[in-house]
Amino acid sequence: MVASEKHILDLQNVSKRYDGKTILDNINLYIREGEFVTLLGPSGCGNTTTLRLIAGFIQPDDGKILLEGEDIAGIPPYQRPLNTVFQRYALFPHLDVYDNIAFGLKLQKTPTDEIDRRVRKVLKMVAMTDYEDRDVDSLSGGQQQRVAIARALVNEPKVLLLDEPLSALDRKMREDMQIELKEMHQKLGITFIYVTHDQEEALTLSDTIVVMNEGRIQQIGTPTEIYNEPVNCFVADFIGESNILDGTFIKNGLVEFIGHEFECVDKGFGRRAPVDVVVRPEDVYIRRSQSGTQFSGTVRTCTFKGVHNEIFVDTDEGYEMMIQDYNAFEPGERVHMLIKPEDIQVMRKECTSNVLSGTVRDAETVRILGGDFPVANSFEVGSEVKVEVPFDGIELMDNLDDGVISGEVHSILYKGNHYHLTVRTEDGDSLYVDTNDIWDKGDLVGVKFIGQGIKLSKAEDETD
Amino acid sequence: MKPIKRSAWALPYTVFLVLFVALPLVMVLIYAFTGRGGGVSLENFVRFFHSPEDLHTFVYSIEIALITTVLCLLLGYPAAWIMSNSNLNRSSVTVMLFILPMWINMLIRTLATVALFDFLRAPLGEATLIFGMVYNFLPFMIYPIYNTLNKMDKSYAEAAQDLGATPIKVFTKVTVPLSMPGIWSGILMVFMPTISTFAVAELLTMNKIKLFGTTIQENINSGMWNYGAALALIMLAIIGITTLFSDSEQSSEVETGGLI
Numbered sequence: 001m002v003a004s005e006k007h008i009l010d011l012q013n014v015s016k017r018y019d020g021k022t023i024l025d026n027i028n029l030y031i032r033e034g035e036f037v038t039l040l041g042p043s044g045c046g047n048t049t050t051l052r053l054i055a056g057f058i059q060p061d062d063g064k065i066l067l068e069g070e071d072i073a074g075i076p077p078y079q080r081p082l083n084t085v086f087q088r089y090a091l092f093p094h095l096d097v098y099d100n101i102a103f104g105l106k107l108q109k110t111p112t113d114e115i116d117r118r119v120r121k122v123l124k125m126v127a128m129t130d131y132e133d134r135d136v137d138s139l140s141g142g143q144q145q146r147v148a149i150a151r152a153l154v155n156e157p158k159v160l161l162l163d164e165p166l167s168a169l170d171r172k173m174r175e176d177m178q179i180e181l182k183e184m185h186q187k188l189g190i191t192f193i194y195v196t197h198d199q200e201e202a203l204t205l206s207d208t209i210v211v212m213n214e215g216r217i218q219q220i221g222t223p224t225e226i227y228n229e230p231v232n233c234f235v236a237d238f239i240g241e242s243n244i245l246d247g248t249f250i251k252n253g254l255v256e257f258i259g260h261e262f263e264c265v266d267k268g269f270g271r272r273a274p275v276d277v278v279v280r281p282e283d284v285y286i287r288r289s290q291s292g293t294q295f296s297g298t299v300r301t302c303t304f305k306g307v308h309n310e311i312f313v314d315t316d317e318g319y320e321m322m323i324q325d326y327n328a329f330e331p332g333e334r335v336h337m338l339i340k341p342e343d344i345q346v347m348r349k350e351c352t353s354n355v356l357s358g359t360v361r362d363a364e365t366v367r368i369l370g371g372d373f374p375v376a377n378s379f380e381v382g383s384e385v386k387v388e389v390p391f392d393g394i395e396l397m398d399n400l401d402d403g404v405i406s407g408e409v410h411s412i413l414y415k416g417n418h419y420h421l422t423v424r425t426e427d428g429d430s431l432y433v434d435t436n437d438i439w440d441k442g443d444l445v446g447v448k449f450i451g452q453g454i455k456l457s458k459a460e461d462e463t464d
Numbered sequence: 001m002k003p004i005k006r007s008a009w010a011l012p013y014t015v016f017l018v019l020f021v022a023l024p025l026v027m028v029l030i031y032a033f034t035g036r037g038g039g040v041s042l043e044n045f046v047r048f049f050h051s052p053e054d055l056h057t058f059v060y061s062i063e064i065a066l067i068t069t070v071l072c073l074l075l076g077y078p079a080a081w082i083m084s085n086s087n088l089n090r091s092s093v094t095v096m097l098f099i100l101p102m103w104i105n106m107l108i109r110t111l112a113t114v115a116l117f118d119f120l121r122a123p124l125g126e127a128t129l130i131f132g133m134v135y136n137f138l139p140f141m142i143y144p145i146y147n148t149l150n151k152m153d154k155s156y157a158e159a160a161q162d163l164g165a166t167p168i169k170v171f172t173k174v175t176v177p178l179s180m181p182g183i184w185s186g187i188l189m190v191f192m193p194t195i196s197t198f199a200v201a202e203l204l205t206m207n208k209i210k211l212f213g214t215t216i217q218e219n220i221n222s223g224m225w226n227y228g229a230a231l232a233l234i235m236l237a238i239i240g241i242t243t244l245f246s247d248s249e250q251s252s253e254v255e256t257g258g259l260i
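Each protein sequence line maps, in turn, to chains A and B. Numbering-wise, the first sequence is residues 1 to 464 according to this note's numbering. Numbering-wise, the second sequence is residues 1 to 260 according to this note's numbering.
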């Protein structure tokens with residue numbers, strides 16, 4: 001069923017904090033009636049919190065949640081016309097299948113014969129007829145899942161909330177349930193809000209995907225939009241496989257990366273602007289003959305993946321490309337590649353260097369992020385300065401004591417010939433680091449500055 | 001050398017169990033069914049059912065035990081519920097406060113209670129007896145209930161709310177039914193000792209009120225081993241029946257966890 005234009009749910013500037021930590025940061029989102037919306041993101045991204053806010057188990061610290069235009073702030077969960085399918089089902093162990101499903105209807109004092117009719121109908125829909133007298137503990141994971149869905153649907157909610165409902169099932173079962181859920185959604189026309197960290201699941205099920213990370217919405221779009229036109233590196237990296245590369249936008253329709261210029265369809269990034277470029281591995285054409293290709297390289301590995309082969313190629317310019325192709329190639333083989341203009345996704349860089357504020361201690365040192373970094377300067381002692389540190393101007397060290405400050409590797413992105421790391425300092429500030437060294441997520445590192453690229457300028461009055 | 005079979009390790013325990021559990025029970029059985037003449041006889045039981053005083057004490061003891069159990073449940077459930085709902089740090093302190101009196105010997109605590117009543121010039125009697133019993137056995141009720149409530153997945157309550165249950169309905173339809181195993185073990189742990197206690201009763205009522213435990217003790221002290229054994233057997237039967245009754249209700253989840 002196609003979603004109508006009517007908004008059933010509106011989240012306006014919604015924020016949520018726990019113990020001073022921001023879980024949701026200014027979420028703005030609308031959900032259309034009958035839509036299948038997925039809140040997708042890694043664990044801790046805030047999607048479950050969003051769902052719990054909608055269900056009413058927690059209250060937002062800021063912002064409003066509107067259901068059909070009405071603010072539902074003061075309405076407790078038991079009065080909201082929404083039902084939830086919980087991650088671990090939360091079926092009542094003291095009740096059998098029938099009584100679990102009838103729980104909501106009995107509370108509403110529905111006549112017995114109507115309860116009977118509706119429970120049977122919904123059991124039929126989830127293919128669980130004949131199970132009504134069974135103890136819920138005697139059911140398999142998949143069957144419990146069906147009962148949980150039936151228990152929510154029998155109340156005919158306006159919106160069905162699903163909190164990672166398939167995460168406890170094995171892969172085959174999960175895929176079957178995905179199809180069934182999709183069919184149920186189409187048949188019932190109820191709005192589904194689905195929380196998952198599984199990008200494949202999101203792509204399969206959704207009309208609209210909301211990609212979230214660290215309490216913020218990264219991108220909202222249809223599965224195709226999200227996959228083909230990710231707005232930033234996080235989305236590109238999280239959804240599907242991708243080659244994410246540093247590039248320069250030369251002019252409209254022309255972008256340079258991996259040491260070559262490519263025609264592209266993107267416009268309006270400016271002239272000679274630094275950008276991120278995403279190329280999906282299946283969009284790189286790989287040939288044995290050079291004619292008509294754009295760049296060349298040598299096959300490093302080739303792995304058979306069922307439908308396709310996954311090939312890693314070292315280009316002559318020293319970049320690594322991941323390529324998917326039906327043909328297999330031998331490691332060491334010379335190959336030639338081609339990327340079509342419409343397959344190149346250009347994204348504005350969120351930042352091109354670390355912009356930090358510091359205080360001058362003396363002519364040799366500046367205090368930045370709580371550490372005294374040796375930075376030669378000619379500013380007055382005690383004055384506030386703006387410090388720009390290029391991504392490759394930071395060195396990370398195993399030994400925390402060797403660094404001026406310490407931090408934790410928060411995320412890692414491979415950019416073809418180097419890694420782009422986000423390092424979270426003890427105070428929660430982020431530093432972006434380009435490095436050739438291999439680190440793991442969660443590694444504790446010492447941080448110091450290297451090289452000449454550090455720029456100091458007088459802090460403007462109104463910096464934050 | 002062959003390694004010692006694992007079952008061999010059980011030998012000392014088996015010997016202990018036979019000597020101090022099975023054998024005494026068998027002796028109680030034998031004594032109870034031995035008549036004055038020495039042969040097998042039911043005369044001790046017949047005597048009990050023809051002794052209005054002993055029968056009365058028996059019924060009265062059950063009554064006191066029931067009242068104590070009900071009071072403990074009424075006081076203990078809310079306490080356990082509050083503790084399981086407060087945050088971890090604070091609740092572990094509260095749990096300690098409830099458990100701490102158990103570190104002091106029950107007789108000493110009871111003597112202190114008597115002294116307190118003396119100080120307040122409260123007459124010792126049924127009321128002080130019940131107070132003393134509830135005071136002594138309340139932790140046995142709170143702890144198992146607290147345990148089940150604390151382990152209960154919070155999503156059950158959320159699911160019930162989500163399906164339209166008001167907080168009161170959540171409590172009656174989900175929380176209480178799901179905490180039945182804890183309630184049953186609490187009831188058992190309070191009912192069993194209260195029905196057989198005699199020291200607490202003697203101290204707290206200055207021997208004004210006699211409970212069944214005292215009757216047994218008196219008989220055995222005055223050399224009436226056979227009659228005393230029969231009375232002990234009757235009490236054992238009552239406790240056995242309660243255990244069976246609760247076993248059928250609580251399936252496998254007895255959560256009594258290291259209190260005694």
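These aren't lab readings, by the way, just hints derived from the structure by calculation. Errors might be hidden in some of the hints.
Here are the simulated DSS-like cross-link-like pairs (lysine-lysine), alpha carbons at most 25 angstroms apart as the crow flies [stated by the list, open to error]:
hint, chain 1, residue 1, chain 2, residue 2
1, A, K305, A, K172
2, A, K267, A, K121
3, A, K64, A, K21
4, B, K5, A, K106
5, A, K251, A, K415
6, A, K106, B, K208
7, A, K172, A, K187
8, A, K349, A, K305
9, A, K64, A, K109
10, B, K169, A, K109
11, A, K386, A, K441
12, A, K124, A, K172
13, A, K109, A, K158
14, A, K21, B, K154
15, A, K121, A, K106
16, B, K169, A, K158
17, A, K386, A, K305
18, B, K154, A, K106
19, A, K441, A, K458
20, A, K109, B, K173
21, A, K21, A, K441
Here are the computed distance ranges between Cβ atoms for each label pair [as the list claims (entries may be wrong)]:
hint, chain 1, residue 1, chain 2, residue 2, range
22, B, A199, A, R134, 47 to 57 angstroms
23, B, I82, A, G442, 32 to 42 angstroms
24, B, P78, A, E156, 33 to 43 angstroms
25, B, V15, A, K441, 57 to 67 angstroms
26, A, K267, B, P167, 54 to 64 angstroms
27, B, P78, A, G442, 21 to 31 angstroms
Just so it is clear, the structure is predicted and the values come from calculations on it, not from any experiment. Here a beta-carbon is modelled for each residue, glycine too, at the ideal position from N, C-alpha and C.
Hint check results:
Note on A/K305 and A/K172: the hinted pairing holds, with a Cα-Cα distance of about 18 angstroms set against a maximum of 25 angstroms. At roughly 54 angstroms between alpha-carbon atoms, A/K267 and A/K121 are farther apart than 25 angstroms, so this suggested pair is violated. Taking the CA atoms of A/K64 and A/K21, the gap is near 20 angstroms; set against the 25 angstroms cutoff, the hint holds. Between the alpha carbons of B/K5 and A/K106 the distance comes to roughly 58 angstroms, so the proposed pair goes past 25 angstroms and is violated.
Our distance criterion of 25 angstroms between C-alpha atoms is met by A/K251 and A/K415, whose separation comes to about 22 angstroms. Between A/K106 and B/K208, the direct Cα distance comes to roughly 53 angstroms. Violation of the 25 angstroms bound is thereby established for this hinted pair. Distance hint between A/K172 and A/K187 is fulfilled; the C-alpha atoms sit about 23 angstroms from each other, no more than 25 angstroms. Of the pairs offered as hints, the one joining A/K349 and A/K305 is violated, with about 32 angstroms between alpha carbons and a cut-off of 25 angstroms exceeded.
Our distance criterion of 25 angstroms between C-alpha atoms is broken by A/K64 and A/K109, whose separation comes to about 32 angstroms. Taking the CA atoms of B/K169 and A/K109, the gap is near 13 angstroms; set against the 25 angstroms cutoff, the hint holds. Of the supplied pair hints, the one linking A/K386 and A/K441 is violated, its CA atoms being roughly 29 angstroms apart against a limit of 25 angstroms. Between A/K124 and A/K172 the CA atoms are separated by roughly 22 angstroms; this keeps the pair inside 25 angstroms, and the hint holds.
Proximity of A/K109 to A/K158 is assessed by CA-CA distance (about 19 angstroms); at most 25 angstroms being required, the pair is judged to hold. The hinted pair formed by A/K21 and B/K154 meets the criterion: a straight-line CA distance of about 23 angstroms does not exceed 25 angstroms. Proximity of A/K121 to A/K106 is assessed by CA-CA distance (about 16 angstroms); at most 25 angstroms being required, the pair is judged to hold. The hinted pair formed by B/K169 and A/K158 meets the criterion: a straight-line CA distance of about 23 angstroms does not exceed 25 angstroms.
The hinted pair formed by A/K386 and A/K305 fails the criterion: a straight-line CA distance of about 49 angstroms is larger than 25 angstroms. For a cut-off of 25 angstroms, the pair hint linking B/K154 to A/K106 stands: about 22 angstroms separates their Cα positions. For the proposed pair A/K441 and A/K458, the alpha carbon gap of about 35 angstroms is over 25 angstroms, so the pair is violated. With a CA separation close to 14 angstroms, the supplied pair A/K109 and B/K173 stays within the 25 angstroms bound.
Of the supplied pair hints, the one linking A/K21 and A/K441 holds, its CA atoms being roughly 21 angstroms apart against a limit of 25 angstroms. Checked against the hint of 47 to 57 angstroms, the C-beta distance between B/A199 and A/R134 comes to roughly 50 angstroms, which is consistent with it. For B/I82 and A/G442, the Cβ-Cβ distance of about 39 angstroms falls inside the hinted range of 32 to 42 angstroms, so the restraint holds. Between B/P78 and A/E156 the C-beta distance comes to about 37 angstroms, which sits within the given range of 33 to 43 angstroms.
Evaluation of the 57 to 67 angstroms hint for B/V15 and A/K441 yields a pass: the beta carbon distance comes to about 58 angstroms. Distance hint check: the CB atoms of A/K267 and B/P167 are about 57 angstroms apart, consistent with the given range 54 to 64 angstroms. Between B/P78 and A/G442 the Cβ separation comes to about 44 angstroms, which falls outside the hinted range of 21 to 31 angstroms.
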